[in-house]
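There are 2 protein chains.
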Amino acid sequence: MNYDQLFQQIKKKKSFLCIGLDTDIEKIPAYILKNNIDMPLSDFNKAIIDATVKHTVAYKLNTAFYESQGWNGWMQLDMTVKYIKSHYPDILVIVDAKRSDIGNTCNQYAKAFFELMDADAVTVAPYMGKDSVSPFLKYKDKWTIILALTSNDSSSDLQTLHIEENGLLVFDHILSLATNEWGAESDNSMFVVGATKAESLVLIREIVSDHFLLIPGVGTQGGSLEDVAKYGITRKCGLIINNSRAIIYASNNNDFAEAAAKKARETQKEMEEILQKYGII
Amino acid sequence: MNYDQLFQQIKKKKSFLCIGLDTDIEKIPAYILKNNIDMPLSDFNKAIIDATVKHTVAYKLNTAFYESQGWNGWMQLDMTVKYIKSHYPDILVIVDAKRSDIGNTCNQYAKAFFELMDADAVTVAPYMGKDSVSPFLKYKDKWTIILALTSNDSSSDLQTLHIEENGLLVFDHILSLATNEWGAESDNSMFVVGATKAESLVLIREIVSDHFLLIPGVGTQGGSLEDVAKYGITRKCGLIINNSRAIIYASNNNDFAEAAAKKARETQKEMEEILQKYGII
Chain B
57 MNYDQLFQQI
67 KKKKSFLCIG
77 LDTDIEKIPA
87 YILKNNIDMP
97 LSDFNKAIID
107 ATVKHTVAYK
117 LNTAFYESQG
127 WNGWMQLDMT
137 VKYIKSHYPD
147 ILVIVDAKRS
157 DIGNTCNQYA
167 KAFFELMDAD
177 AVTVAPYMGK
187 DSVSPFLKYK
197 DKWTIILALT
207 SNDSSSDLQT
217 LHIEENGLLV
227 FDHILSLATN
237 EWGAESDNSM
247 FVVGATKAES
257 LVLIREIVSD
267 HFLLIPGVGT
277 QGGSLEDVAK
287 YGITRKCGLI
297 INNSRAIIYA
307 SNNNDFAEAA
317 AKKARETQKE
327 MEEILQKYGI
337 I
Chain C
57 MNYDQLFQQI
67 KKKKSFLCIG
77 LDTDIEKIPA
87 YILKNNIDMP
97 LSDFNKAIID
107 ATVKHTVAYK
117 LNTAFYESQG
127 WNGWMQLDMT
137 VKYIKSHYPD
147 ILVIVDAKRS
157 DIGNTCNQYA
167 KAFFELMDAD
177 AVTVAPYMGK
187 DSVSPFLKYK
197 DKWTIILALT
207 SNDSSSDLQT
217 LHIEENGLLV
227 FDHILSLATN
237 EWGAESDNSM
247 FVVGATKAES
257 LVLIREIVSD
267 HFLLIPGVGT
277 QGGSLEDVAK
287 YGITRKCGLI
297 INNSRAIIYA
307 SNNNDFAEAA
317 AKKARETQKE
327 MEEILQKYGI
337 I
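Protein chains in written order, with my numbering: chain B, 57 to 337; chain C, 57 to 337.
Only chain B is shown next, with the shape it has when bound in the complex:
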């Protein structure tokens, strides 16, 4: 899915929502586990996806929640990605893996997520620099999503300090390097910026005026959708807002999928108002 196709989906669905499938075996309804002890995560995911797909343009699967179930969890991760790709080809499928390593190793990660799994996008961590990101960027028809300013409290341990050599904040330095030297273009890359740091979006938009930003932290982590739009929205939206727990665990009873759909629809409605307010639709 390229930049324009993603924007078309946003206009069509009047939504820039991404639903995070952080599917925790301890939080899914008991009857799912009872019905399918072997594949409960992917069963849960399918029900959530079928119920919410009208309201969302992307799903994000966090590898940690699948790896904590061993190889069987990895299989369910893979099955979920392929389920979305085959049933809903217009959806952007993000694997939130936050990988990083030397080039030789990142080639293997890129193969895992972009070829075997056929995900559209993968998140990567920039601590190791260009070598660790460029193996992903080589895939021109895929998206590499680079961590910039994350939503957690301790992002201040490094990301919001300044680099002495150029005076930039660390996350700004990463944005500059990525776009100027690593080949992170607006049609092959996005950046992660936490909704809990909405005002920083002003600074971020000075460097990446067109790139899509993947924004976690609205919902359970406390970020505001209004603020994110105020500081970060572009003419082509440029925002993908992730919401995980507040949607997928809206209920832990048999009505979990309906409850998730209701919550997703509420969020989509808020997004529709924002898209109208800023003249995008």
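It is possible that some hints are incorrect.
Where chains are identical, the list cannot tell them apart; a pair therefore holds if satisfied intra-copy or between any two copies.
Lysine to aspartate or glutamate pairs mimicking EDC-like chemistry, simulated, CA-CA at most 16 Å apart [what the hints assert, rightly or not]: (1) K167 - E82; (2) K67 - D94; (3) K167 - D80; (4) K318 - D243.
By construction, these hints were calculated from the structure, which means they are not laboratory data. In this text the structure is predicted, and so the values were computed from the model without any measurement.
Following the hints, put chain C in place on chain B, whose structure we already have.
Chain C alone, transformed into the frame defined by chain B:
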């Protein structure tokens, strides 16, 4: 395995070698694939492990090479870890995963590697700060290995720049934070320092005088064992030197395990001389 047990193993084996099982399906001998098309990576690993275990104190499994084979690769990763743990309980098993995420997510990664897989150690990336590391450090009988100064060229993109607020190099800042504020003690944590940056070990030892350092980059990447020892060795060795490709791909014929053992023994002999030279054995 605790700090003293690791040091005892180093003295007993006269080796501080870690063999990296970066097992690439395209590089293993053809007959392995022919014999066991389902589990070639773990078959290869078992042969390498049985042949080299006398000369090494640790094995490091790089998750990328297993993930690029899908869920079946993950199963072989898990099988290899469990094979080492059950057959050679005195060996340190490191999963080189370089994970990082918010706390809620890192709890799942820690569960995956420390509980389900029962690895002794896992590598983590520090870009997201304390939240992303402390879920691993909570496991007091395990090792959290934090990236500090990596062996790749583009580590200079971020790690060797200075933080304006405190004048520290980024990797030094991470070492300081980890040891002073995150709870990274010498008995529950190590740091990754590339052998290609041996002179930086002087600065690193000013901050972490006792911690074990995991040193990749000797061998194929060009780092020198002599230099690493000169600048980084401690009274209790304090070094685990990883060598992957130069050992496990010493031959790609039927004699691959013997060739790996020969190469591992050569490296062990060099290490024995170093341990003697510095009065450790």
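Hints, verified against the model:
1. Only between protomers do K167 and E82 lie at most 16 Å apart by alpha-carbon distance; the minimum there is 13 Å, versus 31 Å within a single protomer.
2. For a Cα distance limit of 16 Å, the shortest separation of K67 from D94 qualifies neither inside one copy, at 38 Å, nor across copies, at 46 Å.
3. For the identical chains of this complex, K167 and D80 are inter-copy neighbours only, at 12 Å across copies versus 26 Å inside a copy, given an alpha-carbon limit of 16 Å.
4. Within a single copy, K318 and D243 get their C-alpha atoms no closer than 32 Å, and across copies no closer than 49 Å, so neither meets the 16 Å cut-off.
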